[in-house]
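Colleague: Listed below, chain by chain, are the residues.
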Amino acid sequence: MLDSLAVITVFCLYMGLLFLTALWVERRSAEGKSLVNNPLVYSLSLAVYCTGWTYYGSVGKAATSGLLFLPIYLGPTIAIVLWWTVLRKMVRIKTTHHITSIADFISARYNKSQSVAAVATLIALFGTTPYIALQFKAVISTFAIVTSAGEGTTSAWIANHLGPVIVALMIVFTIILGIRRLDPTERHPGLIMAVAVECLVKLVAFLAAGIFVTYFMFDGFGDIFLRIAEHPPAVSTNLWKQDGSSGVVWMTYLILAMSAIMFLPRQFHVTVVENFDEKHIRTAMWLFPVYMVLINIFVFPIAMAGLLKGYAAHQADTFVLALPLNSGQKWLSVMVFLGGGSAATGMIMISSITVATMITNHLLLPVVGWFKGLAFLRRQLLKCRWVAVAGVIMIGYWFERQVGESYMLVNIGMIAFAAAMQFAPVILGGIFWRRGNEKGALMGLTGGFVVWFYTMLVPAFVRSGWISDKLLSNGPWGIAILNPDRLFGVLTLPPLTHAVFWSMVFNVGLYILGSLYFRQNEEEQSLAEDFVGALTTSPTLSQSRHRESYIETETKRGMIEELLGQYFEEGESKAMTEKCLYSAGIEAQGRISIVELAGLHNEVERVLAGSIGAAAAHKALTQASIFTESEARELSEMYAEILAGLKLNPIELERKIDYYQERETLLTQHAAELEEKVQARTRDLEAAQEELIKSERLSVLGKLTAIVSHELRNPLGVIRSSVFYLTRKLDSADAKTTKHLDRIEQQVGLCDSIIGELLEYTRGRRSTGVQGEINPWLDEVLDQVATQDGALVSRALSPLLPIVQFDREKMRRVIINLVENAIQAVLARQAAKAEANDPYRPKVKVTTSIAGRGVRIDVNDNGIGMDEQTASRAFEPLFTTRARGTGLGLAIVRKIVEEHGGTVTLESRPDNGTTVTVVIPGNAHVEGNMAR
Amino acid sequence: MEKLRALLRQTEFQVLLVFVCLVLFGWPVVSFGDVERLEVMFLYLFTAWAIVILVLFLVCRSQEITTQTEKRGTEQN
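Top line first, the protein sequences correspond to chains A and B. Those letters in the first sequence? Residues 63 to 994, by my numbering. Those letters in the second sequence? Residues 2 to 78, by my numbering.
A hint or two may mislead.
Mimicking DMTMM-like on lysine to aspartate or glutamate, the simulated pairs with C-alpha atoms at most 20 Å apart in a straight line are [what the hints assert, rightly or not]:
(1) Lys341(A) - Glu65(B)
(2) Lys151(A) - Glu3(B)
(3) Lys681(A) - Glu703(A)
(4) Lys371(A) - Glu40(B)
(5) Lys895(A) - Asp845(A)
(6) Lys151(A) - Glu13(B)
(7) Lys681(A) - Glu691(A)
(8) Lys174(A) - Glu703(A)
Keep in mind that the hints were calculated from the coordinates and are not lab data.
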């Protein structure tokens, strides 16, 4: 035995730990890192199905009825096979319609009927509250087994007041774990994590107890089965007797459990409402059955072990705790107690929250709507929910006190399962049968509930001794066919099967009859379409009703014109209205959808804001009531659906919108940068294109020049030969004749040189670049020039120039062209100065220097210079200011230098001289074959 | 393998599996009250249960692979 205070302290510490876990999970969820959005947590949370009743009661059932405990877990496994079709559809509907509970789901399908929701809430309340009582029974009775307390101590006080203490703890924990605040999505990530942890704890505890009993108290499964076969416990021969009804009861359990796994209000909550992602269903479909196998594998051995150890069969509910405790395993017993406590508290928390939500939403709020004096309660919804949770838990405890050890207690579990089954026809019909309607659902639910109450609860009350047994022996008012145990004279069915059978007959029959007899209205048809086609329609497409065009454009046009007319002239306001309609893309539409109306509204506000400011425009639009009440509601619903579809709370949505706005800004910047790059590339391409055109032109010009030159040089050669012949023949020619012959020869030479330059520029010749020093080569070239034109050219060559690669012959042409230009410039200025009798000293200077890894050559003169316009065109082919120039000298210079990968620049001022700078790079790359 | 996956992911196969489960776990295949047959029945029920879970796992896996393949196909398109 353990001390009461110690056990209650451990229990409180355990619940505190769960609370901290829940708090941590909620904070992480608020940061957008949901730990509950996980298939493992989802699968574990489904194990809230295994309550205290199954934790302790399964062993009791196994001891008294053999394997009859198993269909409670085999049934769910069978139902789960269809989850990918059925549950996935329900989850998708939940997301689309923002469903918060099973009553809400049924109501949403059947014309959003408050009556249907209220009946569903009553069924849930009647089915759940006794079930909560069973959990209290499990906790209180097991607490009494594991604890002992001395008289007059705190432990004794706790033991005597355990019920109220547990009730108070449960109310507090349920509120702080689950409903500290209102969540529009009705999701409770913290609570679900706490439940998942509890489910893990109860599994581990039960397995620990099972392993201890099976392998430490006995020698395994084989040993236990062998001993039973050799010495059957007395109970086995008395209670396990086979009769005709066994199969029927087994099948009834199986079918009830198949529906319970989805339609018990708490199961609906964890499987549908708390589902984060429909993909989690896939994992749960095999993981949850594995959980059920594990938690059941030791049930039968523990039950048999208890019987073999001589425990009474009526104590079998506590075998799982009593066997380790009486074997001296105190800590294992505490662990088992915590496991049982987890099973019970998990169920109580989820069930009470679910039922409280339904009570406030579907019972309280409609009542508040009827009585204006209660309108203040709308603002106190959270507190109302707290009161509802406390009420449900306290009623559960009160019920536990009332039922004691009566018949009612033993059968509460299956009574609750049968109540949950009343939801099955309207839900399954609602998602697979389009014609199911509000009236049918109301009739079916009410009929099924009344018959369930009459054939299941009333006999239980009679057998518990709360109602006279004459009702069961004679029927009400002596009418035998209305006997709740043998309704309409059916005698062959066991009580549970009898009640399930008749309640289902009435439920399904009235649902179908009502649905066939009454007609659906338009909205109901649309809802039925949404529900039945939930899997075939994508979430986006399911919102198509919002895209239906039913709003008269003319009406809205008139309203907008009237609004704008308050600020602008009539013609202007009409024009602006047209512009807004055009901008919204609806100028030619007779009818528009709510989405398009929202677009038009924004457009008008934008236009108006440009004139009267954003705030005034917003106010004006609000006052103009462009949206009717129903349109505003539809728009609001659409936003709510989008929000629900995104699975985000408003804070997360806001954060994501901020993120996307920032992203849009970045994208805009990138787009601008890209635009700049495109423009730069375009400029480069245009330049390249110009270059290409130019080279094509030069190519054509080159071919033409080659032909013309060839044709001209032949006659020039003939002329030159003839002149030579005449000079030889006419030895005694007079001076005048000789002068003319010399002039002919000079002009022929000039023509030949022009042709040579033209050919040089347009065709060039193959380059033959070699590595070498510039200075010796330049000295040699300048010496030749000096010899031809006098000692006018000075030089200043830098001694430490890098070796560069260049075509000596071509670069010689460059230097000669530049120096000749310079000489002509200084000679021209000298002549001008001489005429004016101004002193002048002509100067041409060639210098070399280092330019990075290359060489720079400057040719400087103090000649006549050029004006700005002439200087800018100096390198253009065929541009010259001299009477006898070809205009190709500098063009040839630039062409050759560029072939070397170098640059040539010119600086000049009139009457101040010119400097031409040539730079040959160190890694000189000469086009053509030069570098190869 | 693809044929097996195609079979498993069909809704009709899942409906068939429900009926198979009802036969496996339902009356009259499961018998009651006979103490001598308890061990056999216990073994049978848990083995059949494990097999059904294995098939369920394969069904879920086939759905998962199909979804992934469809997703990849959509991305490539």
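Colleague: Taking the hints in turn, state whether each one holds.
Modeller: Here is what the structure says about each hint:
no.: 1; hint: Lys341(A) - Glu65(B); in the structure: holds, 8 Å
no.: 2; hint: Lys151(A) - Glu3(B); in the structure: violated, 26 Å
no.: 3; hint: Lys681(A) - Glu703(A); in the structure: violated, 27 Å
no.: 4; hint: Lys371(A) - Glu40(B); in the structure: holds, 19 Å
no.: 5; hint: Lys895(A) - Asp845(A); in the structure: violated, 27 Å
no.: 6; hint: Lys151(A) - Glu13(B); in the structure: holds, 16 Å
no.: 7; hint: Lys681(A) - Glu691(A); in the structure: holds, 17 Å
no.: 8; hint: Lys174(A) - Glu703(A); in the structure: holds, 16 Å
In summary, the structure is inconsistent with hints 2, 3 and 5 from the numbered list given earlier, while agreeing with the others.
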